Amino acid sequence: MREQYAWRSLTLASILALVGFAIILQIVRIQTSPEAAIFRRQAAQDAQTVQTFYPERGLIYDRNGHLLAGNKTVYEIGVDLKSVKDKNAVALATGVELGLNPNDLYKLMANPPSNLTYLILANYVDEDKALALQQLKITTDEQTSSSGQSSLSGLEFTPHPERTYPEGSLASNVIGFVSHEGRGYFGIEEKYNDLLAGTPIQESVSIDPNKAADLPQVPDGTTLILTLNRDLQAATEQILDDSLTKYGAQGGTIVIMDPRNGEILAMASTPRMDLNQFWNYSSIYQNASEYNLAVSTPYEPGSVFKILTMAAALDNSTVTPATTFLDTGSFLIGGVTIKNWNDQAWGIQDMLGCIQNSLNVCMAWVSSQMGAQNFYGYMNRFGVGQLTGIDLADEAAGRLKVPGDTDWSPSDLGTNAFGQGVAATPIQIMKAASAVANNGRMVMPHVLYAMVRDGRQFNVPAQYAGSPISVNTAQTLDHMLATSIKNEASLAIVPGYQIAGKTGTAQIPIDGGYDPTNTNASFIGWGPIDDPQFMIYVWLEEPSASIWGSETAAPVFAEVAQKAILMLNIPPDAIRQQIAQH
Amino acid sequence: MIRTIDIIHYAYKQAPWRVQRQWISTFLLIGLGLAMIAALYLDVTAHAALTGRAIQDLNADIIAVQQSNADLETQSATLTSNSAMQTRALALNYQPVQSNQMQFIVVPGYIAPQPVALISAPALQPSAPTIRPEYTQSLLDWFDQHLHSSLSASMLGASQ
Chain C
885 MREQYAWRSL
895 TLASILALVG
905 FAIILQIVRI
915 QTSPEAAIFR
925 RQAAQDAQTV
935 QTFYPERGLI
945 YDRNGHLLAG
955 NKTVYEIGVD
965 LKSVKDKNAV
975 ALATGVELGL
985 NPNDLYKLMA
995 NPPSNLTYLI
1005 LANYVDEDKA
1015 LALQQLKITT
1025 DEQTSSSGQS
1035 SLSGLEFTPH
1045 PERTYPEGSL
1055 ASNVIGFVSH
1065 EGRGYFGIEE
1075 KYNDLLAGTP
1085 IQESVSIDPN
1095 KAADLPQVPD
1105 GTTLILTLNR
1115 DLQAATEQIL
1125 DDSLTKYGAQ
1135 GGTIVIMDPR
1145 NGEILAMAST
1155 PRMDLNQFWN
1165 YSSIYQNASE
1175 YNLAVSTPYE
1185 PGSVFKILTM
1195 AAALDNSTVT
1205 PATTFLDTGS
1215 FLIGGVTIKN
1225 WNDQAWGIQD
1235 MLGCIQNSLN
1245 VCMAWVSSQM
1255 GAQNFYGYMN
1265 RFGVGQLTGI
1275 DLADEAAGRL
1285 KVPGDTDWSP
1295 SDLGTNAFGQ
1305 GVAATPIQIM
1315 KAASAVANNG
1325 RMVMPHVLYA
1335 MVRDGRQFNV
1345 PAQYAGSPIS
1355 VNTAQTLDHM
1365 LATSIKNEAS
1375 LAIVPGYQIA
1385 GKTGTAQIPI
1395 DGGYDPTNTN
1405 ASFIGWGPID
1415 DPQFMIYVWL
1425 EEPSASIWGS
1435 ETAAPVFAEV
1445 AQKAILMLNI
1455 PPDAIRQQIA
1465 QH
Chain W
10 MIRTIDIIHY
20 AYKQAPWRVQ
30 RQWISTFLLI
40 GLGLAMIAAL
50 YLDVTAHAAL
60 TGRAIQDLNA
70 DIIAVQQSNA
80 DLETQSATLT
90 SNSAMQTRAL
100 ALNYQPVQSN
110 QMQFIVVPGY
120 IAPQPVALIS
130 APALQPSAPT
140 IRPEYTQSLL
150 DWFDQHLHSS
160 LSASMLGASQ
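These protein sequence lines map, in sequence, to chains C and W. Numbered according to this note's numbering, the first sequence terminates at residue 1466, and the numbering increases by one at each position without gaps. Numbered according to this note's numbering, the second sequence terminates at residue 169, and the numbering increases by one at each position without gaps.
Don't read these hints as lab results, they were simulated from the structure. Keep in mind it's a predicted model, so treat the numbers as computed, not measured. All C-beta atoms in this analysis are idealised placements derived from N, C-alpha and C, irrespective of residue type, glycine included. Keep in mind that the hints are not guaranteed to be accurate.
As the list claims (entries may be wrong) - Computed from the model, here is a short list of chain C residues facing chain W with C-beta under 8 angstroms:
1. E940
2. N948
3. I1449
Produce the complete structure using the sequences and hints provided.
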């Protein structure tokens, strides 16, 4: 009996051992089978996912800390074709919530491109719309949880950042915009694209919670603080828009710069666009040079250029303010007869009279007295026909023909003296004129005030572009320009402040000559002349109310100057002198 | 003599059921030990998995909060944009000031406002947050690490 039990126990133990051995054998077989290798590979793939971590694009502020360009969350709404059960319901819900055509969405899901398991139904969807659809999905999930399958299953929501501009079209010509692909176009967004965008990091991330790791530290793009004053920019744009209507101009630009350090305080240009709708770019602009007239569109500036001619002549000692010239109404140079703006002879004039009355004949005589080598040498030092180096995309260099160029003729020496036959941008003229306003020292115009990166703010120091004229020349011409404004009772006068400036009325070149009817009206001025805190350039394209800069651009200058004085808190001359005496 | 030894041996030989029980107990003890190790391993692994999942959730929260901050800053900027502020000012019957309405007075010690300083002093850089190995290591990893460290320590001691 006992042996029988022993036999049974042995048999049972053997069977169990055999089963155990078979299980172990099967485990080993499965682990070493070719399929196991495939599964292991697949598991390894699924346990890791390569993610690209994009840094947040740097923000853009004005000089007072107002946000000009930021980021907001938008959603990509897509559908996972493997888990979608009711395409009709998904198409209908998405279509209704997002304002899309449900039929189109259904067709897209019914006939997906081959090998695709995920379809994007809509992208850059505003947060409120996306959350409404997401809420609908949650509600549907709850209602249909008993059946086990949601009718909106498969819908997926992926948040991601999008560039946004809280001020809309304000300073659009300076800021530029960012496309959906994340690339900056025009202005600051293009010029500093690499800094703003930062460097994306691609990293393999484990899905296995046992291998959870820290998120890679992706430094955000550099935040920029601009020299722009938001409120002054808005006021300048408003004045520019009103001026176009008032004077019937085709377009225009107004720039305000601090002549002491080259900081651009405002830069308005037409047309402008709402940066939040950048896709309208091509319907607003015909070509890229129209985006910012102040830096991208060279034009013949006309008499504002006389400032540079007179500065060169005074500095070169070709003339003094007291030098006289007999204006007979015409001057022959290089076979071309130069005439005054009113075709009249002005008799004996000193250099103040030449500037005050904007006499072309006199200025052509001055340049001829200097000689081509001296004249163009000074123009070269003023940077005419060269890039200013302003930190905005798409700056144009303009053109200054010089002796030796195939298309230069001796008559150019005469016409260039009063700003015809030479193409320059407003910012170029401002840079050159800053030497007159700033005791002979020429500033580099710039828009970047500071950069913020890695928890530190780096302020951009002012840069200077040499001293093309002496301190004495600058001060002499400064007073000549201020006196001429005062003597002619110019519309550019700002009560209580001594302003220096010059009008410009330039003919517009057309094929084979100049437009007989239309002009470009300009004015450049700065003040207060004993401590210049603003320099303003006004350019109105083809004003129809009057062809003269003195009747169009000059009053616009005065209006902008008054705004600048208010917003920059510049007391009148008398008060400032009082303060100085204290 | 041999007979005597056999008798003694027989007298002191344990009963078969005792031997069986000892064997069973030994196997049970080994089984129990293995079960305890397995339970400990499972417990640690489960905790590590839960902590890992919590870390993943926190990472997602960090991203969500960053996005939310950016959204709020943009919303704030939109609400205080130049056009919005102008509209609100006009609605409150404010008028734009004209230059002839301005009065300047001399205030000793007045310093004109300067451009914004977004960061006034260099921010303190906190040490990079790292997840301690206790939260990511499995029991085997931990054992392996300690084995390696003690081995390398002993090798270092031997070489000195």
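Each hint, compared with the structure:
1. E940: holds (6 angstroms)
2. N948: holds (6 angstroms)
3. I1449: At about 6 angstroms, which falls below the 8 angstroms cut-off, the nearest Cβ of chain W leaves the hint on I1449 (chain C) intact, so it holds.
Of the hints listed earlier, there is not a single one the structure fails to meet.
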